[in-house]
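Q: Those protein sequence lines, which keep their order, are chains A and B. When you line the first sequence up against this note's numbering, it's residues 38 to 431, in that order. When you line the second sequence up against this note's numbering, it's residues 38 to 431, in that order.
Hints were generated in silico from the structure; no laboratory data involved. A few of these clues could be false.
Identical copies carry no separate label here, and so any pair may be met within one copy or between two of them.
[Claimed, not checked] Derived pair list, reagent style DMTMM-like, types lysine to aspartate or glutamate, alpha-carbon separation capped at 25 Å:
#1 K341 / D325
#2 K39 / E204
#3 K418 / E101
#4 K39 / D202
#5 K418 / D392
Protein chains: 2
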Amino acid sequence: MKGISILGSTGSIGIQALDIIRIHRDRFRVVALAAGSNIDLLEKQVREFRPAIVSCADAGAARELRARVSDLPGQTWIGQSTEGLERAATAEEAALVVGGLPGSTGLLPTFAAVESGKDVALATKEVLVMAGELFMNRVAERGIRLLPVDSEQSAIFQCLQGNGDSEINRIMLTASGGPFRDASIQDLQRVTREQALNHPRWKMGPKVTIDSATLMNKGLEVIEAKWLFGLTASQIEVVIHPESIVHSMVEFQDGSIIAQLGATDMRIPISYALAFPQRIASGTSPIDFPQLGSLTFHEPDAEKFPLLKAAFDSLKDRSTMPIILNAADEVAVDLFLSEKIPFHRIPRIVLEAMDRVDPAQVETLEEIQSFHESVVERVMKDWRLWIEPGGQPR
Amino acid sequence: MKGISILGSTGSIGIQALDIIRIHRDRFRVVALAAGSNIDLLEKQVREFRPAIVSCADAGAARELRARVSDLPGQTWIGQSTEGLERAATAEEAALVVGGLPGSTGLLPTFAAVESGKDVALATKEVLVMAGELFMNRVAERGIRLLPVDSEQSAIFQCLQGNGDSEINRIMLTASGGPFRDASIQDLQRVTREQALNHPRWKMGPKVTIDSATLMNKGLEVIEAKWLFGLTASQIEVVIHPESIVHSMVEFQDGSIIAQLGATDMRIPISYALAFPQRIASGTSPIDFPQLGSLTFHEPDAEKFPLLKAAFDSLKDRSTMPIILNAADEVAVDLFLSEKIPFHRIPRIVLEAMDRVDPAQVETLEEIQSFHESVVERVMKDWRLWIEPGGQPR
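Modelling step: build the complete structure from the supplied sequences, incorporating the hints.
A: Here it is in structure tokens:
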């Protein structure tokens with residue numbers, strides 16, 4: 038029985054991880070769950086899986102949950118915020134921690150899991166975007182297994198298995214192109230919140246869905262892949278593939294390309310990360326290739342989706358540019374979701390931040406976290422000045 | 038330095054194996070070459086690679102070659118036919134034997150290579166079609182590595198690496214569909230030898246090119262894959278994929294599909310077999326996916342290409358039906374190449390043979406070889422009666 042701790046249990050990744058665990062009760066045991074404020078769902082998960090450790094967003098949520106599950110036999114530790122996340126991430130009986138917290142909130146608990154020697158199934162790409170070098174160094178030092186959960190990174194990881202240290206020519210990250218793949222630049226100025234949240238292929242949380250619509254998500258994956266697989270930016274290509282059947286590809290030195298394909302269903306990469314190196318039933322439907330007809334591939338449109346190029350640019354030197362890119366995007370997506378800015382201002386704000394915020398020297402996790410926070414503050418303070426006519430000159 | 042023996046060195050596989058070896062002289066040494074009557078090319082190969090053992094088609098060819106290379110320093114043993122092939126297949130300094138002899142002629146020498154403990158890079162699919170069970174048993178008993186060279190089987194083999202004993206749902210063998218993919222049944226009656234020899238994607242020997250036009254080649258690969266990978270017929274699907282970029286795919290228990298893609302260039306599978314488990318430069322061109330545009334997939338047309346279904350049918354019980362299918366096809370393709378029958382008679386003759394020739398009990402290699410020969414004789418004797426009006430009733 039493999040003990041599993043799930044950080045972000047009420048999010049899309051967490052829910053699907055529990056779906057997999059539900060059909061493999063003989064193999065996995067849930068030992069910790071960490072979530073935010075969705076106490077209704079968290080209560081159901083606690084009743085079903087009986088974890089020893091549970092973490093909620095704050096003291097109020099924890100109190101509420103404690104009251105609701107007081108009828109359960111046995112002891113469940115219920116805590117909150119930083120302490121709760123840390124206990125869930127380092128739970129003694131966990132062999133594997135599923136890192137499915139949204140955005141930069143996943144940073145500290147995911148590091149804590151690695152420090153305590155847990156294998157990590159990583160869905161929170163911000164960990165690698167913000168602290169890639171530091172994180173990969175700690176992963177290597179602790180000798181833990183890092184298993185990517187992102188469908189594209191899982192695809193690359195699967196394609197690399199059995200290829201020893203064969204030289205990689207390049208990897209090709211596929212991208213559906215999002216809901217606005219065929220929109221004009223003019224169309225993008227009139228995009229609504231609902232249109233942007235309606236991804237054609239994948240059901241995901243709001244932040245990553247908006248990032249998919251701007252191709253920022255693919256940009257973050259480029260940075261993530263660089264660290265996960267030890268690549269240079271020039272070894273990473275992005276290919277638009279609207280059908281989202283080919284989840285990514287690796288080309289080796291001999292010209293042979295290994296690709297991973299499958300339904301657009303996160304249960305495949307999640308089940309792979311949970312059971313690695315074995316494969317287990319995931320409950321997904323098979324693909325009928327003749328029925329599918331054709332798989333298409335296009336060049337990404339750099340003008341329409343400037344954040345993809347911005348992500349590549351952020352890798353140009355070993356600076357904090359990826360942290361600036363990511364922090365500014367978190368703010369900009371929030372502003373869009375709360376309808377304070379139109380869609381096409383998201384890339385504008387990120388590009389302005391990359392231009393205006395000074396990079397810093399960061400070495401420790403605390404420095405990274407605090408630099409991230411300073412960028413968030415700065416963008417929240419200044420974004421209006423940057424994008425409005427008559428704003429602050431550069 | 039890995040010692041390599043090449044059976045069929047002047048054929049398509051042999052020539053390309055030598056192309057790979059030429060760019061990796063530090064890694065491979067040619068210790069034996071076996072060919073047929075193309076003494077001009079064989080002489081060039083002997084001068085360039087200086088093998089210790091050379092085999093030709095017959096005593097006349099061997100005499101001619103001996104005279105031509107008498108100026109070379111050092112000792113080269115030059116022999117012919119069965120003895121020559123056997124010496125080349127079992128050459129003491131060979132670690133790997135490339136089995137690239139055409140058709141049933143490859144059977145005995147390939148077995149001899151296995152018996153003498155050599156790893157085998159197998160291109161001659163007839164070995165598995167005719168003697169699959171016996172061959173795989175000997176491979177297991179001798180503990181040698183069997184490395185498929187066929188592009189589809191190499192694709193499957195590559196896709197299986199790193200997947201341990203993960204359960205396979207199915208494999209999907211891709212087929213270009215050959216030159217007559219879009220022809221009507223009426224069109225097939227008017228096909229010329231030149232049209233049939235003009236394969237749209239792959240440059241191969243005449244027998245396999247005609248087999249590709251009838252889809253018999255894919256049928257033989259179905260039988261080959263069954264033995265190579267220990268599958269049942271129901272786990273094998275054939276998908277028409279005209280672009281020939283996806284060389285084949287494996288779907289695992291979790292619904293994940295691993296595919297191998299690449300240029301339509303046999304140097305990829307050949308280099309993989311030569312250097313396994315490493316990958317080495319093969320000299321092929323990379324694929325530009327956006328430029329490619331789209332990859333398409335179709336169901337094979339069972340009515341137009343009855344030999345594909347015939348191959349699946351031949352697997353229905355553990356009988357000699359695959360030997361009958363293969364032997365009848367060898368005769369029928371010869372008849373077509375010598376312009377004695379039109380194209381659409383090839384499947385007719387094979388189907389008639391499967392219907393009319395009695396299966397036999399075969400256990401040893403000698404029994405298999407002699408049953409094969411008896412079927413060839415029978416088909417050569419009776420094919421006219423079978424396909425001509427007023428022919429012998431069943």
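Q: Each hint should be assessed against the structure and marked as holding or not.
A: Right, here's what the structure says about each hint:
1. In this assembly of identical chains, K341 and D325 lie within 25 Å of each other by CA distance solely across copies; the values are 22 Å between and 33 Å within a copy.
2. For the identical chains of this complex, K39 and E204 are inter-copy neighbours only, at 21 Å across copies versus 33 Å inside a copy, given an alpha-carbon limit of 25 Å.
3. Proximity of K418 to E101 under the C-alpha cut-off of 25 Å is found in neither arrangement, the shortest distances being 35 Å within a copy and 89 Å between copies.
4. Only between protomers do K39 and D202 lie at most 25 Å apart by alpha-carbon distance; the minimum there is 20 Å, versus 29 Å within a single protomer.
5. For a Cα distance limit of 25 Å, the shortest separation of K418 from D392 inside one copy, 16 Å, qualifies, whereas the shortest one across copies, 84 Å, does not.
Violated hints amount to a single one, hint 3; each of the other numbered hints is respected by the structure.
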